[in-house]
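Student: Given only the sequences and the hints, what does the whole structure look like? Please build it.
Next come the chains, spelled out residue by residue.
2 protein chains.
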Amino acid sequence: MINFQTSPEQYHHWKLEIDGAVATLSMDVQEDETLNEGYKLKLNSYDLGVDIELADAIQRIRFEHPEVRVVVLTSLKPRIFCAGANIYMLGTSSHAFKVNFCKFTNETRCAIEDDSAHSGRRYIAALNGTASGGGYELAIACDEIYLVDDGNSAVSLPEVPLLGVLPGTGGLTRLVDKRKIRRDRADVFSTLAEGLKGKRAKDWGLIDDTFATSKFQDSVNAHVQELVSTKNDQQTPVGIKLNPINVELSSDALEYKYVRLSLHREQRYADLTIRGPEGRPEMSPEEIEQAGDIYWPLRAYRELDHALLHLRVNEPEIGLVCLRSEGEISNVIAVDKNLFTHKDHWLVREIILHMGRVLRRLDLTAKSFFSIIEPGSCFAGNLLELALASDRSYMLNDPDQKVEIMTSEFNTGALPMSNGLTRLQSRFLAEPGKIEEVLAHKDPFDTEAAEEAGLITFAPDDLDWEDEIRLAIEERTSLSPDALTGMEASLRFAGPETMDTKIYGRLTAWQNWIFQRPNAVGEHGALTNYGKPTKAQFDYKRT
Amino acid sequence: MINFQTSPEQYHHWKLEIDGAVATLSMDVQEDETLNEGYKLKLNSYDLGVDIELADAIQRIRFEHPEVRVVVLTSLKPRIFCAGANIYMLGTSSHAFKVNFCKFTNETRCAIEDDSAHSGRRYIAALNGTASGGGYELAIACDEIYLVDDGNSAVSLPEVPLLGVLPGTGGLTRLVDKRKIRRDRADVFSTLAEGLKGKRAKDWGLIDDTFATSKFQDSVNAHVQELVSTKNDQQTPVGIKLNPINVELSSDALEYKYVRLSLHREQRYADLTIRGPEGRPEMSPEEIEQAGDIYWPLRAYRELDHALLHLRVNEPEIGLVCLRSEGEISNVIAVDKNLFTHKDHWLVREIILHMGRVLRRLDLTAKSFFSIIEPGSCFAGNLLELALASDRSYMLNDPDQKVEIMTSEFNTGALPMSNGLTRLQSRFLAEPGKIEEVLAHKDPFDTEAAEEAGLITFAPDDLDWEDEIRLAIEERTSLSPDALTGMEASLRFAGPETMDTKIYGRLTAWQNWIFQRPNAVGEHGALTNYGKPTKAQFDYKRT
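Protein chains in written order, with the numbering used here: chain A, 22 to 564; chain B, 22 to 564.
Identical copies go unnamed one by one, so any copy, or any two together, can satisfy a pair.
In silico SDA-like pairs for lysine to any residue, Cα to Cα no more than 20 Å straight-line:
#, residue 1, residue 2
1, 358, 463
2, 562, 117
3, 562, 287
4, 36, 98
5, 562, 288
6, 63, 179
7, 220, 479
8, 223, 452
9, 364, 80
10, 562, 384
11, 98, 45
12, 278, 299
13, 223, 450
By construction, these hints were calculated from the structure, which means they are not laboratory data.
Tutor: See below:
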């Protein structure tokens with residue numbers, strides 16, 4: 022079982038140092054500390070374990086060190102920043118693992134960009150040596166890239182020429198869409214195993230600047246200090262501690278404080294229940310800071326995030342997740358109101374951004390989601406997003422029981438999808454007028470009102486309820502899991518596309534295709550033969 | 022060898038009837054007239070041969086019957102409109118063929134939408150029976166869909182539930198992006214093998230209306246007449262004849278009038294040379310009509326289109342195409358000027374739209390393209406788009422020889438890419454100011470000016486030229502063809518996405534992934550076992 026929890030004291034591969042407003046994240050991969058057997062993490066190459074630490078570090082900087090304004094990513098190894106994902110790890114991994122590995126590393130890089138865009142932290146890639154493949158892709162997720170000019174160090178994406186696969190962590194998309202590198206130059210760069218150095222890398226826009234070895238550290242430091250000094254007019258907040266997420270594991274369930282995951286492995290589905298907040302306390306920002314990671318919106322969503330990652334990687338045969346909720350709608354709405362009131366406070370902002378990331382992780386999870394809305398549920402405000410994120414929702418229609426859903430300020434834009442739309446905008450592409458209508462409805466919707474408003478998919482009555490849910494589950498889990506993954510990836514993201522959706526849609530889909538082609542993973546494939554005396558032999562038919 | 026040329030007299034599967042402003046395209050697939058052996062085209066199911074006729078019919082309506090304002094697609098078979106792509110054909114086809122088949126059918130459907138959007142012809146799908154799978158996808162490419170209400174006929178996308186693959190012809194994307202059907206309803210519809218009928222299909226937005234059997238024909242006719250009568254204020258143009266494209270085939274070349282395709286199969290590349298126009302006649306629209314299909318812009322681009330299709334399907338091992346041109350820049354510019362002057366004339370408009378479609382076919386071709394710009398070439402105006410569409414361009418830098426390129430009005434928006442941008446906009450995403458600069462430059466660019474302006478990739482000098490081109494070709498054709506396909510699909514379409522790019526990027530990539538998964542095409546896969554007594558058995562791991 023892969024464990025997604027860690028903390029700086031436990032890191033094997035990264036050093037996180039905080040010095041005032043500057044955090045330095047130094048990569049120093051221990052080649053024997055691998056997640057699986059059969060490969061060594063040489064030259065600061067990484068496996069999922071290395072990236073779990075990176076994701077943790079970025080999350081902790083945001084919550085535990087809000088005073089940080091600049092994050093410097095660099096390496097403690099001489100002449101090498103990072104050699105990217107470990108090829109032998111990829112070569113020995115199952116297709117499903119490769120795909121999940123790439124998805125997680127992509128989410129980590131998007132989390133860097135989310136921090137930069139919304140919390141204003143500036144990410145600097147200080148490449149004290151070569152950054153190749155995933156190493157350069159990590160750099161390109163940062164705001165600025167500086168490369169040492171030592172006559173040797175280069176940036177490169179050698180996946181196509183050396184491995185017969187794509188740079189799998191957004192590299193191609195970010196080349197042309199983020200750094201807007203001319204497509205013909207991007208083509209040359211992406212087929213050049215040795216990459217580009219110094220002046221040409223700068224001229225082509227692959228890096229922001231290059232400094233001689235003797236001046237590299239000083240030049241980067243001077244620039245970092247400059248960035249920090251222009252931002253020192255704000256009050257320095259004090260972070261909160263992110264404690265480990267407690268989870269009780271049994272053979273077929275994970276029990277957290279606010280989340281319960283029940284696994285029905287025989288039937289290939291799971292129930293994922295989220296409990297709403299327990300009280301309705303109006304809390305000041307200071308009280309929220311004091312509560313820290315036990316505050317419901319942070320704790321519940323951290324648990325939800327953990328459960329989603331667990332489902333993806335450790336429960337591959339679970340094809341369908343039934344989302345359920347338990348609690349008082351009024352409590353959820355009160356929490357939303359409280360958060361919304363203080364949304365400009367640093368911690369509240371981070372909590373809301375975190376909720377957004379977790380919901381996007383759900384949107385991007387290759388499992389079907391059905392929301393089951395019953396008496397005692399609390400799909401309101403931020404939790405209504407779960408129902409809107411679902412592929413379908415079922416709401417009991419029983420005049421004798423109270424079953425309700427409700428909107429809040431949180432459905433108006435605080436928790437956007439990867440395509441930049443709210444989930445209501447995505448839902449009502451055909452009738453944008455409905456969004457205002459739904460949001461203007463200040464009371465809860467009962468089942469008939471919810472159906473009339475277009476907020477739910479089906480509203481079976483009491484007599485049909487059990488059978489209809491059971492049949493829907495059976496039917497869904499009988500279908501081809503591959504076809505469902507492709508279908509959901511196509512239907513969930515209507516409307517505009519962004520760099521993120523291009524990375525998860527277009528680029529990832531092509532990478533997944535290539536990842537199972539004989540030219541990559543067959544006996545004579547490039548990935549299989551990398552580092553061996555044998556050479557790859559391609560079937561040259563273009564597809 | 023697959024032949025992409027046909028004409029109405031030769032159609033096996035479609036009847037094209039023109040009655041004033043109304044064209045009726047009736048599908049009546051002959052089950053034994055298949056392109057390959059091993060399957061029968063029952064229930065108006067189709068193979069590539071059926072779609073080649075459809076593409077031809079749409080093209081001919083535009084050029085030969087400009088008087089047509091409404092095109093009705095219907096079927097001559099009772100109770101069935103079209104059952105989609107033939108499953109047994111798909112089951113017995115190679116992966117590469119399936120992919121190329123889907124790409125061509127997608128381009129045909131996009132051509133319907135191109136005609137509707139830019140030439141104002143209205144496409145009506147008159148579903149006199151069930152439209153399933155590709156049958157419904159053909160309908161959804163039309164502007165309006167009417168379904169007979171006979172208690173039986175339905176629209177459906179049964180690919181996911183029955184075949185374990187995706188609707189491969191844009192269906193999922195058009196559901197949520199064109200008809201903007203609510204994503205949860207799209208999810209239900211796309212997993213419901215039997216589809217939806219009558220009122221519910223209408224309520225969910227899958228069709229525009231439904232009429233009882235006895236009233237179906239009259240209701241559709243009345244609506245068509247209504248559409249036609251509101252458009253009868255224009256002068257009725259008279260079409261031109263599209264004669265067969267003459268091509269001389271030898272073992273390693275295709276010779277057309279303006280295009281020459283030389284195949285270097287051993288080295289896995291081809292030279293595709295386009296000859297510019299021969300004179301500089303200023304022609305009036307009437308003279309252009311008289312010239313008809315021998316007019317250079319129409320003839321040359323029809324030939325180019327044919328060569329591209331031939332390369333895709335009949336020469337799969339050719340991985341790289343070197344684009345070359347021969348002729349006088351001034352002649353190309355004169356033709357562009359002439360076309361631009363008369364761009365509102367129906368035939369000139371159709372010719373320009375056709376050039377745009379051919380260039381988009383090139384953008385979407387899974388081969389590498391290098392432009393080779395030498396003395397005697399004429400990459401100017403519309404032909405400059407070939408260089409801009411290339412993955413790279415090489416321009417000889419020799420002060421002793423005249424080597425030039427040049428822009429015209431045709432580089433400002435008449436020939437857009439699938440993403441809605443011009444190729445100059447795509448190229449200069451980082452520096453949009455450069456576009457105006459380049460367009461303001463009214464003289465030809467010599468090699469140094471072209472390089473300075475960012476219009477070419479490399480400018481080797483006379484001494485290096487031969488070696489550099491040879492090495493570039495050798496290097497490109499040595500790389501994994503799969504990785505190149507994915508890389509090019511990612512780098513060619515920076516910037517915004519449209520429904521078209523989503524279909525060719527996101528949806529197609531997922532479909533291609535699924536098309537080679539064991540769950541679809543393995544021994545126990547759904548596609549393999551369709552129609553057999555055995556049942557599909559899935560590996561249920563979600564990826």
